[in-house]
Amino acid sequence: MELDQNYNPAVETIESISPTRLRHSAALWISRIFSPPILVVLSIGLAAAAIGTVSAWLWAGIFTLIAVLIPVLYIVWKVKQGLISDFHMRIREQRIKPMFFMLFMSILATGLLTLFAAPFILVVLAFSSVIQVGFLTAVTLKWKISGHSTAAAGFSVLMVALFGAAALPALLLIPLVAWARVARSRHELTQTIAGTLAGVAYTLIVIAVVSTNGVTLTLI
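According to our numbering, the residues represented by the sequence shown are 1 to 220, in order.
Fair warning: there could be bad hints in the mix.
Straight-line alpha carbon distances no greater than 25 Å define the calculated DSS-like cross-link-like pairs of lysine-lysine that follow [what the hints assert, rightly or not]:
#1 K78 x K142
#2 K80 x K97
#3 K80 x K144
#4 K97 x K78
Rather than coming from a laboratory, the hints here were simulated on the basis of the structure.
Let the sequences and hints guide you as you build the complete structure.
See below:
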């Protein structure tokens, strides 16, 4: 077999990296890095940092274990069983049972934080998670809304509340995540807009409730 003298593997590799593949790869990693579980953990961690006590971090850990880690492991288990197509549950009908499970675990975690008098900010955030998951679950029964956009919007608004004007660039996360979900064909634009509005609304409610109770939600 005669070798092509003009063949250059490096050129072939470069040509194989098309703009479409780069866009898909970028959207994939954005979706993974800024997934709802990660952003929820970051949000509760920032709230614990704002309080600055050992008990706050303990309660943040308990909430993370019950309301985030256990549901994540449940979804991973369902994926391995072949009952869910992928971790982000792109098929709407496959989201319903896991979301009801997430709702139950969020209610359980919130009940524990309330019963044992966890720091007020964490209790409010826990209640907001119940409202958020409950809303997303109800919508999912009939329509596919973007949980990624909801989490990104909520996290970005919370960052601004905690760090002030210095955190305004965090708001760029909202269109970035929305773009990634649309680019990966996981959601339509309207679904990301709806998710964004929900995330902004519930976070503003949390901030308002905390403020009216005389608690300063800031790290600066």
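Quick rundown of the hints versus the structure:
no., hint, in the structure
1, K78 x K142, "holds, 22 Å"
2, K80 x K97, "holds, 16 Å"
3, K80 x K144, "holds, 23 Å"
4, K97 x K78, "holds, 10 Å"
Hint violations for this structure: none, all hints satisfied.
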